[in-house]
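Asks: Mind docking chain B on chain A? Use the hints.
Chain by chain, the residues:
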Amino acid sequence: MSCSRRDLLKNTFKTTLAATLPLSAFKMLSPAEVKAYTGDSSIRWVFLVDTRKCVGCGLCVKACKNENEIPWDPPISRTWVERYVLMRNGRAHIDSPMAGRDGFTDSKIRENEIPPDQISKGFFVPKLCNQCEKPTCVQVCPVGATYQTQDGIVLVDRTWCIGCGYCIMACPYGMRFFHPVYKVAEKCTFCYHRIKKGMKTACVQNCPFGARRIGNMKNPNDPVTKLIMNERVAVLKDEYGTKPQVYYIGLDTNVR
Amino acid sequence: MKNHVLRPLWIVLAAIAVFMVVRHFIVPADFGVEEGGNFTYNYHRLSANDDWKNFKVKYRGREYCQECHEENVESILQSPHAIIQCENCHGPAIDHPDNPEALAIDTSRGQCLRCHTYLPYPTSQRSEIPGFEDPEDHNPDENCVDCHNPHNPDLENM
Numbered sequence: 001m002s003c004s005r006r007d008l009l010k011n012t013f014k015t016t017l018a019a020t021l022p023l024s025a026f027k028m029l030s031p032a033e034v035k036a037y038t039g040d041s042s043i044r045w046v047f048l049v050d051t052r053k054c055v056g057c058g059l060c061v062k063a064c065k066n067e068n069e070i071p072w073d074p075p076i077s078r079t080w081v082e083r084y085v086l087m088r089n090g091r092a093h094i095d096s097p098m099a100g101r102d103g104f105t106d107s108k109i110r111e112n113e114i115p116p117d118q119i120s121k122g123f124f125v126p127k128l129c130n131q132c133e134k135p136t137c138v139q140v141c142p143v144g145a146t147y148q149t150q151d152g153i154v155l156v157d158r159t160w161c162i163g164c165g166y167c168i169m170a171c172p173y174g175m176r177f178f179h180p181v182y183k184v185a186e187k188c189t190f191c192y193h194r195i196k197k198g199m200k201t202a203c204v205q206n207c208p209f210g211a212r213r214i215g216n217m218k219n220p221n222d223p224v225t226k227l228i229m230n231e232r233v234a235v236l237k238d239e240y241g242t243k244p245q246v247y248y249i250g251l252d253t254n255v256r
Numbered sequence: 257m258k259n260h261v262l263r264p265l266w267i268v269l270a271a272i273a274v275f276m277v278v279r280h281f282i283v284p285a286d287f288g289v290e291e292g293g294n295f296t297y298n299y300h301r302l303s304a305n306d307d308w309k310n311f312k313v314k315y316r317g318r319e320y321c322q323e324c325h326e327e328n329v330e331s332i333l334q335s336p337h338a339i340i341q342c343e344n345c346h347g348p349a350i351d352h353p354d355n356p357e358a359l360a361i362d363t364s365r366g367q368c369l370r371c372h373t374y375l376p377y378p379t380s381q382r383s384e385i386p387g388f389e390d391p392e393d394h395n396p397d398e399n400c401v402d403c404h405n406p407h408n409p410d411l412e413n414m
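Heads up: the protein sequence lines correspond to chains A and B, in order.
The numbers in this note's numbering rise by one with no breaks, and the one at position 181 of the first sequence is 181.
The numbers in this note's numbering rise by one with no breaks, and the one at position 84 of the second sequence is 340.
Extracted from the complex, chain A is given alone in its bound form (with noise of 0.2 Å):
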């Protein structure tokens, strides 16, 4: 048998580049599975936080420790109530002290007496889980503990996890903790044991001023979408790619 170079040449690209070819991709896709592959459901959780009414009284902080079991003493929560106060002079104070747990009672930050006539802008910001359509803590858990469910939600199997603390360290917004009695990785969940039964959340549900609202990004006639899609919102540490999906009206520069 006689082969030419050019032949063998022809052969060879041609048989690399079957191999190269595989065989899934001659395979024929139901619409279901194409829906599922792309994670397409009718709901998508998203929040809208108003740091305009936002007072800061912490309650909110108050009944996302008692709803989900959080222990009331240690430094710990889901969420969180920032305090910035900008100074005339270019500086800022930031705090919050015990999560903000018990609310803003004192003018004084870590110790320091703010001359009132000097504060150019002071505010509250509260903080929570962004939920990230790309979440880093999902990509860094060794273990498949923590995932993304088909609504948006970044859960933790408390089973399966086994307390490596890499997701705590992969998270931008220093959002997951430790959890002291279960020794697992703790987030934020959007209640999702209260969102799945049409509640709000309860941090949502408690706070009297209507600072925090939670919405299905996916249904365009809900009220908090409309107000995303319509509003300047701003989401927190864009430039990180995670697609966060908390937004907030009235983001200041200074908030990180």
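Hints are supplied without guarantee of correctness; some may be wrong.
[As the list claims (entries may be wrong)] Okay, derived cross-link-like pairs now, BS3-like style, lysine-lysine, Cα gap no bigger than 27 Å in a straight line:
{"no.": "1", "chain 1": "A", "residue 1": "Lys-196", "chain 2": "B", "residue 2": "Lys-312"}
{"no.": "2", "chain 1": "A", "residue 1": "Lys-183", "chain 2": "B", "residue 2": "Lys-258"}
{"no.": "3", "chain 1": "A", "residue 1": "Lys-183", "chain 2": "B", "residue 2": "Lys-309"}
{"no.": "4", "chain 1": "A", "residue 1": "Lys-237", "chain 2": "A", "residue 2": "Lys-200"}
{"no.": "5", "chain 1": "A", "residue 1": "Lys-196", "chain 2": "B", "residue 2": "Lys-309"}
{"no.": "6", "chain 1": "A", "residue 1": "Lys-197", "chain 2": "A", "residue 2": "Lys-108"}
{"no.": "7", "chain 1": "A", "residue 1": "Lys-243", "chain 2": "B", "residue 2": "Lys-312"}
{"no.": "8", "chain 1": "A", "residue 1": "Lys-196", "chain 2": "B", "residue 2": "Lys-258"}
{"no.": "9", "chain 1": "A", "residue 1": "Lys-226", "chain 2": "A", "residue 2": "Lys-134"}
{"no.": "10", "chain 1": "A", "residue 1": "Lys-218", "chain 2": "B", "residue 2": "Lys-258"}
{"no.": "11", "chain 1": "A", "residue 1": "Lys-197", "chain 2": "A", "residue 2": "Lys-218"}
{"no.": "12", "chain 1": "A", "residue 1": "Lys-197", "chain 2": "B", "residue 2": "Lys-258"}
{"no.": "13", "chain 1": "B", "residue 1": "Lys-314", "chain 2": "A", "residue 2": "Lys-200"}
To be clear, the hints were calculated from the coordinates, so they are not data collected in a lab.
Replies: Frame of chain A; chain B shown alone:
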């Protein structure tokens, strides 16, 4: 092939086999990417969703309280405190009246001072709420609710 080459190979293969068998029993059957299909974000135990769904609800909301305590709900709805949920002060209802039979009401000064300490922040709504610059000036040893009715905080009708 020579025996001394094959022997370690059998050991490695046996170790892999043992690992696969142990793994088969330890990893739950519903572990995988069935939901969502994305290995990066959806690899999990499917029933973990239900674990979270079955978590106990503790804050039941004003409508739940209203079923029995109609008068009290009515009274607070007439006042500027209407925006505050019952359970913020009365504590989470959980399964009240079965469990707990009585709720522990937070009557502390701190509960009122969460909002009613004046903070001089011109751009925040906090500075528009009536409040004390120094709460220690005003009966520091008494609870606010001893004199002020939280359901009707109107100073005229004290």
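Asks: If a hint holds in the structure, say so; if it does not, say that too.
Replies: Hint by hint, here is what the structure shows:
With a C-alpha separation of about 12 Å, the suggested pairing of Lys-196(A) with Lys-312(B) holds against the 27 Å cut-off. Taken as a hint, the Lys-183(A) and Lys-258(B) pair is broken in the structure, with Cα atoms around 51 Å apart against an allowance of 27 Å. As the CA atoms of Lys-183(A) and Lys-309(B) are separated by approximately 20 Å, the hinted pair is consistent with the 27 Å bound. The straight-line distance between the Cα atoms of Lys-237(A) and Lys-200(A) is roughly 26 Å, inside the 27 Å bound, and the hint therefore holds.
With a CA separation close to 7 Å, the supplied pair Lys-196(A) and Lys-309(B) stays within the 27 Å bound. A hinted pair counts as satisfied when its Cα atoms are at most 27 Å apart, and Lys-197(A) with Lys-108(A) does not qualify at roughly 41 Å. A hinted pair counts as satisfied when its Cα atoms are at most 27 Å apart, and Lys-243(A) with Lys-312(B) does not qualify at roughly 30 Å. Only pairs whose Cα atoms come within 27 Å are accepted, and Lys-196(A) paired with Lys-258(B) is rejected, the gap being roughly 63 Å.
A C-alpha spacing of about 23 Å is found between Lys-226(A) and Lys-134(A), which places the hinted pair at or below 27 Å, so the restraint holds. For the suggested pair Lys-218(A) and Lys-258(B), the alpha carbons sit about 65 Å apart, so the restraint of at most 27 Å is broken. Of the pairs offered as hints, the one joining Lys-197(A) and Lys-218(A) holds, with about 18 Å between alpha carbons and a cut-off of 27 Å not exceeded. Distance restraint check for Lys-197(A) and Lys-258(B): the Cα-Cα separation of roughly 67 Å exceeds the 27 Å cut-off, and the hinted pair is therefore not satisfied.
In summary, the hint linking Lys-314(B) to Lys-200(A) is supported, as the alpha carbons are separated by about 12 Å, within the 27 Å threshold.
The structure fails to meet hints 2, 6, 7, 8, 10 and 12 from the earlier list, while all remaining hints are met.
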